[in-house]
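*Asks:* Based on the provided sequences and hints, a complete structural model is requested.
Just so you know, the protein sequences line up as chains A and B, in that order.
With this note's numbering, the residue at position 377 of the first sequence is 377, and numbering never jumps.
With this note's numbering, the residue at position 198 of the second sequence is 198, and numbering never jumps.
Honestly, the hints are just simulated from the structure, not real lab data.
Among the clues, some could well be false.
As the list claims (entries may be wrong) - If the Cβ cut is set under 10 angstroms, some of the chain A residues that face chain B in the computed set are:
1. T90
2. S97
3. A293
Unchecked claim - 20 angstroms max Cα-Cα, derived SDA-like pairs, lysine to any residue:
4. A/K295 x B/L52
5. B/K125 x A/T330
6. A/K171 x B/G42
C-beta atoms are modelled at their ideal positions from N, C-alpha and C, and glycine is treated no differently.
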Amino acid sequence: MSQRSDAGLSRRRFLRNAGLAGLGVVGAGPLLNACATSASSGPVTQTGGAVTVQSNLSAPAAKSAIDALVTAFNDRGGASASVNTVASETFRTQLPSYLTSANPPDTYTWYPGSLLSGYAEKGLLLDVGDVWQTMGDYSEAFRTLSSDGKGKQIFVPTTYYWWGMFYRKSKFAEWGVTPPANWTEFLALCRTLQGKGIAPIGLGAGGNTPWIASGWFDYLDIRINGAQFHRDLLAGRKRFDDPKVKQVFATWMEALPYFDPSGTAVAFQDATTSLLQGRTGMLLIGAFFADSAPKDALGDIDFFQFPIVDPAVPVAEEGPTDGFFASARTPRKAEVAEFLTYAATAEGQDVYIKASTGTVLPTNPGAKDSGTGLVTKGRKLLQDAKELTQFFNRDSSDALQPTADSALVRFIQNPNEVDSILTDWQSAAEKIWNA
Amino acid sequence: MKLRRDIGFHAVAGTLSILWLLPIALVLLTAIRTFDDIASNGLGAMPSSFSLDSFGAAWHAGGQSRAMVNSLLVTVPTVVLSLALAAAAAFALSRYDIPFRRAIILLMLAGNLLPPQILLVPVSKLSELLGIYDTLPALIAVQVGFGLGFYTFVLQGFMWAIPDEIQQAATIDGAGVVTIFWRIILPMTRPALAALSALAFTWIFNDLLWAITVLRTGTVMPVTPALLGLQGQYVSNWNVIAAGSVIAAIPTVAVFLRFQKHFISGLAVGAVK
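*Replies:* Below is the structure:
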């Protein structure tokens with residue numbers, strides 16, 4: 001160390017020179033920054049009053065649909081909008097920071113549910129009641145769904161889709177089987193397929209899509225206990241270790257031997273491949289399933305309604321709804337309302353659906369769907385339903401979904417532990433409800 | 001005996017290389033297949049189609065062309081700026097007996113031990129307060145700030161090892177501090193700087209966490225979030241994602257090949273004081 005002091009200079013000279021060097025570096029910093037700023041000037045300032053649409057529709061087909069909607073909105077004059085697409089996973093995790101930021105995006109793609117009600121309670125969401133003034137012909141179900149539970153409308157639904165038991169028509173013909181009408185026939189169908197060496201029921205609850213299994217729980221619960229019980233259960237007003245829930249799993253147990261043994265190992269997209277190749281017979285899945293099928297197979301895909309278990313229970317179906325909400329802090333309230341109003345019109349939804357893969361249904365009763373046999377059948381399925389549910393995470397919360405994932409995957413792997421699984425599920429869920 | 005050892009070595013090393021290259025080969029194979037082929041035959045099946053369309057899809061529709069520009073706009077200034085600042089700091093810390101020298105170095109080292117995840121929310125809020133949220137300069141500032149400690153620590157260790165006699169000779173010849181830094185120490189630190197810039201380039205280019213923390217507009221996102229954005233909500237086009245990954249890997253591979261020599265020697269940088 002002493003050697004180093006020798007090598008150094010007088011203290012005064014050191015300080016002077018160090019100061020100079022420091023100035024040099026400080027001077028260089030802003031210069032470099034200035035370069036970078038001028039090169040990326042685009043998004044720094046808000047672009048001329050356009051409504052920013054923060055979108056999680058990153059799949060190519062869905063992305064082109066929302067782009068088409070915004071282009072059509074801009075082409076008609078009046079207010080303008082710009083889409084900003086981010087990966088759905090990024091969107092989900094960043095949504096709270098978007099909403100609480102000082103300069104949030106104006107409007108967002110999302111779905112109605114407890115998450116939105118929570119944000120509404122914190123005063124983060126725009127009251128879109130004036131948009132709903134123009135949506136008089138929308139069904140009462142959509143109106144209820146879009147309210148925050150305290151009489152304020154916070155959501156504008158634009159599309160929804162259905163869930164069903166999908167299969168390949170050519171394979172069913174090859175195997176000589178037909179869609180079942182009820183649970184008994186369904187089990188008989190499974191037995192026939194298994195006899196032919198086919199795994200009757202595909203799942204796809206492995207990888208990063210364990211939530212797929214919740215479709216089975218939702219459907220069995222609404223078929224056996226009805227939609228109201230299901231909603232009460234997910235809201236914490238009923239318990240997961242209730243005997244009525246045990247009945248759901250007892251019924252599920254009847255079908256469990258027919259599940260694809262790799263059901264909890266492969267992700268949904270790989271389960272799709274198994275179904276298309278005829279290694280599995282059927283798949284309980286949402287209509288977005290068609291996006292994952294090759295184009296030449298699309299015409300060969302059909303679905304049937306989830307079999308009726310108890311005819312006395314009013315028929316309910318899953319009809320997850322998507323649409324937009326807006327930030328309360330937007331400086332462009334009138335323009336946002338104009339955009340949401342357009343998105344809710346039949347014209348806006350026609351544009352959207354035409355540019356999408358066409359498996360979504362419009363929420364506006366006056367809008368046309370894509371008109372394929374599959375979609376017509378899907379729309380009728382939901383219209384005939386006495387009640388609609390959304391999906392597990394939408395009817396409860398994204399926080400409750402992981403408790404379902406672990407419980408259901410455990411059940412599929414070790415069905416005999418059902419009692420302890422349900423007790424564990426209840427205590428895990430209580431932590432979420434009481435949080 | 002020697003022959004047997006050679007055979008053994010090549011067998012083990014060869015197997016390891018194949019295992020190492022297998023995922024990369026899988027990505028390349030996936031990139032040249034069509035979506036319909038993957039959807040009907042599965043991701044693991046042998047290709048029954050050949051198409052380079054997915055590269056075009058990732059580059060144009062997937063927004064990789066813009067994302068690549070953004071990535072370079074962030075990475076290059078960040079590497080230059082953070083190494084310039086780190087070199088200046090390391091010079092002072094290693095060549096002069098400045099007060100609290102040891103404390104400063106330890107502080108910089110301690111900063112590296114802190115998991116960056118716990119700072120996500122503060123950084124996001126701070127960049128908003130400063131009015132730079134959702135701009136590339138915000139990302140550059142964050143990357144410089146988080147890289148500085150490590151680069152300074154490595155560089156000061158390297159500069160410490162430069163013999164004092166050189167500096168003494170320069171002082172006798174009338175060189176001031178700036179001259180010593182610029183004409184003596186910095187040129188002698190070049191191997192370390194080259195190794196660090198190659199490392200820094202790959203780190204910053206491959207970073208995802210900070211990018212999605214301080215940015216939210218698709219048009220300013222660098223390559224890694226853009227790659228994530230190729231995944232759909234339900235359905236992902238694996239061929240396009242694989243092609244995008246291949247494209248995103250090109251700059252770092254190029255930098256690595258160019259600086260290969262320094263990269264490997266750089267692993268020992270600062271290891272010996």
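*Asks:* Hint by hint, note whether the structure agrees.
*Replies:* Consistency of the hints with the structure:
1. T90: 5 angstroms, holds
2. S97: 6 angstroms, holds
3. A293: Since chain B brings a Cβ to about 6 angstroms from A/A293, closer than 10 angstroms, the hint holds.
4. A/K295 x B/L52: Cα-Cα ~19 angstroms, so holds.
5. B/K125 x A/T330: 18 angstroms, holds
6. A/K171 x B/G42: Satisfied, since the Cα-Cα distance of roughly 18 angstroms is no more than 20 angstroms.
Hint compliance for this structure: every hint is met.
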